[in-house]
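Q: Spelled out from the first residue to the last, the chains are:
2 protein chains.
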Amino acid sequence: MTELRQVSQSELAQLHTQLTVQYSDYKARNLKLDMTRGKPAANQLDLANDLNVVLAANEYTAQDGTDVRNYGGLDGLPEIRALLGEVIGASPSSVIVGGNSSLQIMHDTIVRALLHGVPGGSGPWLAQKSKFLCPVPGYDRHFAICQHHGIEMINVPMNAEGPDLGVIEPLVAGDSSIKGIWCVPKYSNPTGITYSNAVVERLSRMQTAAPDFRIFWDNAYVVHDLYDSTSPLLNILETCKQTGNENRPLVFVSTSKISFAGGGIAAMASSPVNVADAKKHLSFQTIGPDKLNQLRHSRFFRNLAGIKVHMQKHASIIRPKFEAVVSIFERELGGLGISRWTNPRGGYFVSLDTEPGCASQVVKYADEAGVKLTAAGATFPYGKDPDDCNIRIAPTLPPLEQVELAMQIVALCVKLASIERLLKR
Amino acid sequence: MTELRQVSQSELAQLHTQLTVQYSDYKARNLKLDMTRGKPAANQLDLANDLNVVLAANEYTAQDGTDVRNYGGLDGLPEIRALLGEVIGASPSSVIVGGNSSLQIMHDTIVRALLHGVPGGSGPWLAQKSKFLCPVPGYDRHFAICQHHGIEMINVPMNAEGPDLGVIEPLVAGDSSIKGIWCVPKYSNPTGITYSNAVVERLSRMQTAAPDFRIFWDNAYVVHDLYDSTSPLLNILETCKQTGNENRPLVFVSTSKISFAGGGIAAMASSPVNVADAKKHLSFQTIGPDKLNQLRHSRFFRNLAGIKVHMQKHASIIRPKFEAVVSIFERELGGLGISRWTNPRGGYFVSLDTEPGCASQVVKYADEAGVKLTAAGATFPYGKDPDDCNIRIAPTLPPLEQVELAMQIVALCVKLASIERLLKR
Numbered sequence: 045m046t047e048l049r050q051v052s053q054s055e056l057a058q059l060h061t062q063l064t065v066q067y068s069d070y071k072a073r074n075l076k077l078d079m080t081r082g083k084p085a086a087n088q089l090d091l092a093n094d095l096n097v098v099l100a101a102n103e104y105t106a107q108d109g110t111d112v113r114n115y116g117g118l119d120g121l122p123e124i125r126a127l128l129g130e131v132i133g134a135s136p137s138s139v140i141v142g143g144n145s146s147l148q149i150m151h152d153t154i155v156r157a158l159l160h161g162v163p164g165g166s167g168p169w170l171a172q173k174s175k176f177l178c179p180v181p182g183y184d185r186h187f188a189i190c191q192h193h194g195i196e197m198i199n200v201p202m203n204a205e206g207p208d209l210g211v212i213e214p215l216v217a218g219d220s221s222i223k224g225i226w227c228v229p230k231y232s233n234p235t236g237i238t239y240s241n242a243v244v245e246r247l248s249r250m251q252t253a254a255p256d257f258r259i260f261w262d263n264a265y266v267v268h269d270l271y272d273s274t275s276p277l278l279n280i281l282e283t284c285k286q287t288g289n290e291n292r293p294l295v296f297v298s299t300s301k302i303s304f305a306g307g308g309i310a311a312m313a314s315s316p317v318n319v320a321d322a323k324k325h326l327s328f329q330t331i332g333p334d335k336l337n338q339l340r341h342s343r344f345f346r347n348l349a350g351i352k353v354h355m356q357k358h359a360s361i362i363r364p365k366f367e368a369v370v371s372i373f374e375r376e377l378g379g380l381g382i383s384r385w386t387n388p389r390g391g392y393f394v395s396l397d398t399e400p401g402c403a404s405q406v407v408k409y410a411d412e413a414g415v416k417l418t419a420a421g422a423t424f425p426y427g428k429d430p431d432d433c434n435i436r437i438a439p440t441l442p443p444l445e446q447v448e449l450a451m452q453i454v455a456l457c458v459k460l461a462s463i464e465r466l467l468k469r
Numbered sequence: 045m046t047e048l049r050q051v052s053q054s055e056l057a058q059l060h061t062q063l064t065v066q067y068s069d070y071k072a073r074n075l076k077l078d079m080t081r082g083k084p085a086a087n088q089l090d091l092a093n094d095l096n097v098v099l100a101a102n103e104y105t106a107q108d109g110t111d112v113r114n115y116g117g118l119d120g121l122p123e124i125r126a127l128l129g130e131v132i133g134a135s136p137s138s139v140i141v142g143g144n145s146s147l148q149i150m151h152d153t154i155v156r157a158l159l160h161g162v163p164g165g166s167g168p169w170l171a172q173k174s175k176f177l178c179p180v181p182g183y184d185r186h187f188a189i190c191q192h193h194g195i196e197m198i199n200v201p202m203n204a205e206g207p208d209l210g211v212i213e214p215l216v217a218g219d220s221s222i223k224g225i226w227c228v229p230k231y232s233n234p235t236g237i238t239y240s241n242a243v244v245e246r247l248s249r250m251q252t253a254a255p256d257f258r259i260f261w262d263n264a265y266v267v268h269d270l271y272d273s274t275s276p277l278l279n280i281l282e283t284c285k286q287t288g289n290e291n292r293p294l295v296f297v298s299t300s301k302i303s304f305a306g307g308g309i310a311a312m313a314s315s316p317v318n319v320a321d322a323k324k325h326l327s328f329q330t331i332g333p334d335k336l337n338q339l340r341h342s343r344f345f346r347n348l349a350g351i352k353v354h355m356q357k358h359a360s361i362i363r364p365k366f367e368a369v370v371s372i373f374e375r376e377l378g379g380l381g382i383s384r385w386t387n388p389r390g391g392y393f394v395s396l397d398t399e400p401g402c403a404s405q406v407v408k409y410a411d412e413a414g415v416k417l418t419a420a421g422a423t424f425p426y427g428k429d430p431d432d433c434n435i436r437i438a439p440t441l442p443p444l445e446q447v448e449l450a451m452q453i454v455a456l457c458v459k460l461a462s463i464e465r466l467l468k469r
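Protein sequence lines correspond, in order, to chains A and B. The numbers in the numbering used here rise by one with no breaks, and the one at position 203 of the first sequence is 247. The numbers in the numbering used here rise by one with no breaks, and the one at position 411 of the second sequence is 455.
Rather than coming from a laboratory, the hints here were simulated on the basis of the structure.
If several chains are the same, the list does not tell them apart, and a pair holds so long as it fits within one copy or across any two.
Below, simulated DSBU-like cross-link-like pairs (lysine-lysine); rule was C-alpha separation at most 30 angstroms, straight line:
hint: 1; residue 1: LYS323; residue 2: LYS428
hint: 2; residue 1: LYS76; residue 2: LYS323
hint: 3; residue 1: LYS324; residue 2: LYS408
hint: 4; residue 1: LYS468; residue 2: LYS416
hint: 5; residue 1: LYS416; residue 2: LYS323
hint: 6; residue 1: LYS416; residue 2: LYS71
hint: 7; residue 1: LYS323; residue 2: LYS408
hint: 8; residue 1: LYS408; residue 2: LYS76
Next comes chain A alone, as it looks inside the complex (with noise of 0.2 angstroms):
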């Protein structure tokens, strides 16, 4: 495949009157397709039905005796943190189980640093001007929440082998006011990439300004792989345990992508100080999560075994998608010079990126033939790609042929758009 552009502009012009016919024949199809959200299939979430009747009427005992269905136990039961402190290799006493959502925890873990600081540091966030670090391209969401409650944000680049720790290192060391980092570190969202060691380890010993630097090690992906074999990840409780930051790491992990997204359990983990804080802090906010589906989760998968072959069927079920999205990519834009594409080995997404300055064109394009993508600039903070290059790919929730469909006109989006930035050289 020639290079797009080394070919002349007449044969530019050409080929994208050949590729506007083609966008007509799917805009008169008046397709309604929708890339955008990260969303679990039905039929992903089938594999956990019988979570809803796990639990005889007669079953709310927990293992230490605790009738589940009664107030109390604010940092959740003994069976379902030692079954999460098992997915992210954390002891049951280092591991809070909250509620349904885990962006939840972590929203309230700011707030509660904005409003009363965190140990080892010197008072509330709010009134130090805090900054964080955000690794581009990455979850909307973790940017949200800094942006909504004032916290400003630097971007850091990813590479392949996560967050660019030439970039962070001296930034941290010269500012007391970055104050922490945003990272997913297995399967990132939405580069899919996994942290490498040596990644893990410079974040764990690098020297911070501020005394109370936390990394927000959201390990959402952490059983979500798409092949067999996974990509192994360092274990950032022991890394920052061994480097004397043991207080550095909060890692935070949910069930929503293994159980039921709507429906499932969330948890953070990390060092007795950070959790004795995080409990005290708690005990004003709830009498304690609901427990009843703290026991069922922990009927169901029973261990980390289980877990695991939970999701191998989940891998099953959105395995082709991923697999299609990255075909058709290749066999569109393959060797055309105009997009990278990243394929993934497990996770949420594939991440697309165009040529600089035509992300949120071939967005554009493609909302108008029917296909819906996230907004381009949704992944960098304040909604804003500088080079408005990256889009995210959301192949789960669709069926396969729509994510096939979807597909093909995103790649004849870029294509188009592409050609139209070539063409006004």
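Guided by the hints, dock chain B onto chain A, whose structure is given.
A: Chain B alone, transformed into the frame defined by chain A:
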């Protein structure tokens, strides 16, 4: 019965000696009775056991077609908004249904106001040295939220009709930093009184210096009648609308003491402006609540009538416990002129007032005889009862015979402490 204050010192001393013998007998029994916790008893929780099995494995579709297993639905399923709206007298669209804890919704509402302010206000409450009015005695966890977040609390006396408006009106009219008031308007915690129409109307109508004054209306015991008749309560959403203050009330409710204390459903209701504001903030905090549990509750209770039938079953279980408390106090303490207690028609508590300066001694004596009572002062901001006279009794959790035994001991402790005080005259 002769009032003890009219008994001679020598007779009092003799009586004290007799009572001390009784007290020593109780002590020798090494009892362990806990009257501190406003928790439902196991047989109350049993009433809702079918919540565990009300959904079949393939039941996950809400009335509007929503797949409740997946993400979304920030304000809750339509049917559960309708159900809880019916309970508190609010239209479904003015209800936001969250997780399992109304305390958490209240806490988060305070936190949002601290960080971002509320509609109609002049910015974050944090920057305005905000104060709250606290009718006393009241709910310790309300007060704890304020104390934890540095909101100054001002005591307001409760009388038989609710909080004393003669105290409240000049305070709120004269101080724009007074931003809110905590209210448990029906079967109040701990006094059991229900606010009169006049109190609700004056709260709705009163002039407040703060344009963003909010009534935190914790309607925790809205359907928690002990008898067939209920104590009517005006609908504050309506009265405030009539007085042109529709943004003033924030109504909170939960099924914690209807279904499962640890696995219920909680909600907030307010004006369109407040609901829109809360939803905007919530959208940064979570993708949505656990809708499966909402669907369970909707299927199990169906409507307000279903809830009322269910609450009659609760009443049958706990009414004898309340009646035991009151009848033992009447038998042991009646006419002695050393204490007053409530005879609630609903709710979860009996409130006992000793003579000033006696409550902590009563709690101490009871504790030493194996009866754990809520700490004296707990029903007041900062844990400080200025008169040291109020004790909250929570009779629901222990079995009836334990309640009876505990109350006999408490009555004895009241007598002991009171006589000791009289002997010091």
